[in-house]
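Q: Go ahead and model the full structure; you've got the sequences and the hints to work with.
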Amino acid sequence: MYQYNHKDQILIEERVAQFRRQTEQFLNGEISEDGYRNLRLRNGVYIQTHSPMLRVAIPYGVLNSKQLHKLAHIARTYDKNYCHVTTRQNVQFNWPKLEQIPGILAELAEVQMHAIQTSGNCMRNTTSDHLAGVSIDEIEDPRPYCELIRQWTTLHPEFDWLPRKFKIAVSGSRDDRAATQFHDIGLHLVENDAGEIGFKVLVGGGLGRTPVIGQVIKPFLDKKHILSYLEATLRIYNLFGRRDNKYKARIKILVKEEGLEKFNDMVEKEWLLIRDGLEVSDARFDEIKSHFKPFDYDKKAAENTSFSMYYNENKIFAKWIEHNTVKHKIAGYRAVFLSLKHPETPPGDLTAEQLDTIADLAVRYSFGEVRSTHRQNLVFADVKQADLFQLWQLLNVAQLATPNIGTATDMICCPGLDFCSLANAGSIGVAKEINEILDDIDYLHDIGDVKINMSGCVNGCAHQSVGHIGILGVDKKGVEWYQITLGGSSENEAAIGERLGAAVPKNEIAPAIGIILDVYIQQRFHEETFLETVNRVGIEPFKAKVYANY
Amino acid sequence: MQIIKNNQLIKNHWTFLEDESPVVDGNICVSLARWKSEKIQLLKHPGNLGVRILTTDDVANLGDDVGLFALVELNVLDFTDGRSFSQAYLLRNRYGFQGEIRAVGKYLADQAFYFSRVGVNGFAPENLQQTQMTLNDFTGFYQ
Ligand code: HEM
Ligand code: SF4
Numbered sequence: 001m002y003q004y005n006h007k008d009q010i011l012i013e014e015r016v017a018q019f020r021r022q023t024e025q026f027l028n029g030e031i032s033e034d035g036y037r038n039l040r041l042r043n044g045v046y047i048q049t050h051s052p053m054l055r056v057a058i059p060y061g062v063l064n065s066k067q068l069h070k071l072a073h074i075a076r077t078y079d080k081n082y083c084h085v086t087t088r089q090n091v092q093f094n095w096p097k098l099e100q101i102p103g104i105l106a107e108l109a110e111v112q113m114h115a116i117q118t119s120g121n122c123m124r125n126t127t128s129d130h131l132a133g134v135s136i137d138e139i140e141d142p143r144p145y146c147e148l149i150r151q152w153t154t155l156h157p158e159f160d161w162l163p164r165k166f167k168i169a170v171s172g173s174r175d176d177r178a179a180t181q182f183h184d185i186g187l188h189l190v191e192n193d194a195g196e197i198g199f200k201v202l203v204g205g206g207l208g209r210t211p212v213i214g215q216v217i218k219p220f221l222d223k224k225h226i227l228s229y230l231e232a233t234l235r236i237y238n239l240f241g242r243r244d245n246k247y248k249a250r251i252k253i254l255v256k257e258e259g260l261e262k263f264n265d266m267v268e269k270e271w272l273l274i275r276d277g278l279e280v281s282d283a284r285f286d287e288i289k290s291h292f293k294p295f296d297y298d299k300k301a302a303e304n305t306s307f308s309m310y311y312n313e314n315k316i317f318a319k320w321i322e323h324n325t326v327k328h329k330i331a332g333y334r335a336v337f338l339s340l341k342h343p344e345t346p347p348g349d350l351t352a353e354q355l356d357t358i359a360d361l362a363v364r365y366s367f368g369e370v371r372s373t374h375r376q377n378l379v380f381a382d383v384k385q386a387d388l389f390q391l392w393q394l395l396n397v398a399q400l401a402t403p404n405i406g407t408a409t410d411m412i413c414c415p416g417l418d419f420c421s422l423a424n425a426g427s428i429g430v431a432k433e434i435n436e437i438l439d440d441i442d443y444l445h446d447i448g449d450v451k452i453n454m455s456g457c458v459n460g461c462a463h464q465s466v467g468h469i470g471i472l473g474v475d476k477k478g479v480e481w482y483q484i485t486l487g488g489s490s491e492n493e494a495a496i497g498e499r500l501g502a503a504v505p506k507n508e509i510a511p512a513i514g515i516i517l518d519v520y521i522q523q524r525f526h527e528e529t530f531l532e533t534v535n536r537v538g539i540e541p542f543k544a545k546v547y548a549n550y
Numbered sequence: 001m002q003i004i005k006n007n008q009l010i011k012n013h014w015t016f017l018e019d020e021s022p023v024v025d026g027n028i029c030v031s032l033a034r035w036k037s038e039k040i041q042l043l044k045h046p047g048n049l050g051v052r053i054l055t056t057d058d059v060a061n062l063g064d065d066v067g068l069f070a071l072v073e074l075n076v077l078d079f080t081d082g083r084s085f086s087q088a089y090l091l092r093n094r095y096g097f098q099g100e101i102r103a104v105g106k107y108l109a110d111q112a113f114y115f116s117r118v119g120v121n122g123f124a125p126e127n128l129q130q131t132q133m134t135l136n137d138f139t140g141f142y143q
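Protein sequence lines correspond, in order, to chains W and B. No gaps in the numbering here: position 397 of the first sequence is 397 in the working numbering, and each next residue is one more. No gaps in the numbering here: position 32 of the second sequence is 32 in the working numbering, and each next residue is one more.
Since the hints were made in silico from the structure, they are not lab data. Nothing false has been slipped in among the hints.
Far from chain W by the CB rule (all over 12 Å, computed), these chain B residues: (1) K5; (2) L9; (3) H13; (4) E20; (5) G26; (6) N27; (7) I40; (8) L42; (9) P46; (10) N48; (11) L49; (12) V66; (13) G67; (14) E100; (15) V104; (16) A124.
On the chain W side, residues computed to face chain B include the following (Cβ under 10 Å): (17) E14; (18) S32; (19) E158.
Not everything, but these chain W residues come out facing chain B in the computed CB check (under 10 Å): (20) D8; (21) I10; (22) N38; (23) N121; (24) Q151; (25) T154; (26) L155; (27) P157; (28) W161; (29) L162; (30) R235; (31) F240; (32) L273; (33) I274.
All of these numbers come straight from a predicted model, not from anything done at the bench. A virtual CB, placed ideally from N, CA and C, is assigned to each residue, including glycine.
A: Structure, rendered in structure tokens:
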């Protein structure tokens with residue numbers, strides 16, 4: 001993974017010193033409330049229902065074991081012994097004290113971590129594919145490009161005070177695992193007819209209140225022009241994006257109001273003026289790529305097939321292999337998902353002990369690295385097949401081997417009423433109830449691939465609008481109700497879910513999900529997935545059953 | 001009154017004229033609207049000329065006039081309105097403005113470093129000391 005050089009390190013240390021000074025000035029009354037609010041947001045600090053919250057950046061979801069140990073230490077020392085993995089591959093602490101945050105950031109800086117631009121109306125952490133560099137459908141590893149973009153976005157002097165937040169995602173494979181169609185800018189590595197690598201550029205996607213699927217603005221952008229193209233787009237957005245209404249301030253609204261064609265003209269005109277001065281040299285690409293060289297894989301890894309014996313003998317291990325591991329581009333290796341969706345714990349939460357365990361296991365089994373996924377799980381990307389059985393046993397002990405990746409209990413879930421001051425409704429409790437009705441693992445596996453996303457309010461932190469099943473908390477005179485949508489997707493065939501009908505009260509939401517899954521089982525045709533069935537039969541059969549008693 | 005120019009505290013040598021105020025001696029700065037309507041008379045002024053623009057003004061509107069000014073003031077009414085940063089970039093890099101670009105109005109001391117990186121070299125901030133201090137927060141950068 002990328003290792004900081006002296007310059008990178010100095011920059012984050014100076015940022016810590018700056019934030020320490022800003023926080024002291026604020027506590028002494030020397031910076032206004034509103035001013036400090038904006039400054040702390042740019043350092044990942046929100047003020048929440050119970051306490052400040054700190055969002056730590058995990059650039060494109062890549063972590064090493066030293067960093068995991070540090071997160072464990074922070075969870076233990078400054079938080080209530082846990083942290084939370086977010087849908088943009090970051091990590092959040094829910095209970096730090098404001099006065100302690102500069103100190104926490106200083107500790108993070110010791111292991112090349114920071115919280116720069118993880119919130120606020122600026123360019124955010126760049127996200128990517130959690131299987132980058134190892135997946136079988138990859139065109140090129142997106143991580144070096146992400147790192148280039150990470151550096152370019154960090155403390156960009158011109159674009160730190162945008163109309164609204166700005167998120168970039170990069171995917172390098174045929175299957176989009178980074179939800180690039182729902183980012184302000186989505187970048188897809190593609191190969192043109194001449195065999196050159198470049199980007200397909202999408203613009204104006206986003207979730208939140210008004211979910212919009214991004215549109216292709218440039219089918220092929222030579223990779224050497226990536227920074228000039230981003231700069232041109234950001235400049236047009238910074239100058240012309242709406243600032244009169246924060247709900248209309250994302251770039252998606254500018255693209256919509258101007259129309260893609262006119263917006264494209266504006267960007268193109270700007271781009272041509274700056275393009276030649278901002279080319280990224282091959283030497284620069286090579287330098288960054290040198291940080292992402294393939295590991296020293298065991299060439300004989302495929303020869304040890306002992307795991308197939310365990311696979312045939314142990315049904316639970318076999319289920320885990322099928323659901324929680326995927327193919328690796330090197331024969332004899334697999335990528336392993338660590339499920340953070342244990343039925344007893346809130347989705348995405350990790351304890352300090354788990355963090356330490358994962359750090360140790362990463363060293364033993366996966367070259368010391370871990371990835372976070374936008375579905376709030378973790379990945380050991382490079383595990384030898386011969387190690388799978390042992391690793392599975394150890395993950396089981398740590399409650400990280402629930403064989404439910406991609407299934408109905410692998411829910412994305414926001415903090416909801418438990419932590420969030422904006423919430424209309426709880427989500428963690430509902431997730432638990434859904435787990436209870438799906439406690440039969442065979443039934444769960446029979447249902448197969450279904451993505452349930454649940455947000456406690458219309459801000460949509462848990463991407464409910466693109467869940468195969470979306471659940472949205474709404475407030476009706478102080479009572480928690482839930483709106484259901486079906487048929488959303490953030491994968492290649494991106495779609496926004498369709499509303500099933502009127503919101504249901506809290507005691508009926510988990511049963512309603514149960515009914516929806518039952519209808520699928522009745523309606524499905526052969527091997528059809530949940531999403532395929534919904535797309536074929538429409539929402540009516542589901543609606544009829546869910547609202548049968550209304 | 002003091003300002004920061006090129007990292008130094010110096011005395012301010014400019015007078016900003018409200019749109020209705022009479023012209024005074026010395027270096028004067030006017031709004032873009034006033035410049036547009038009184039350009040001919042203002043050009044006869046013996047002192048240096050400056051123009052103050054709002055974040056809602058399109059700097060492209062200054063056009064060839066840019067060369068007539070010794071000062072462009074970016075007036076920040078709301079510190080979250082980051083258009084000033086792009087305006088400064090455009091003045092320096094696109095329209096070749098070589099005079100002083102000064103950030104005036106209600107911005108945060110902590111924004112000065114960012115301004116300095118897009119070509120702003122004059123600061124008339126609300127808090128002079130704090131602003132001067134933040135200009136040295138970082139010794140390196142990526143852009
Ligand atoms: C608990 C405190 C939280 C608060 C107050 C909060 C607040 C918000 C708000 C106001 C928005 C809407 C932004 C917009 O419409 O432009 C939003 C969107 C979002 N939040 Fe959160 N959030 C919180 C926690 C989280 C967590 C835990 C996650 C990850 C699991 C998360 C991930 C996101 C994402 C991915 C979006 C959607 C971005 C988009 O529109 O493309 N947030 N959040
Ligand atoms: S979706 Fe709403 S309730 Fe959930 S974390 Fe985001 S802002 Fe809070």
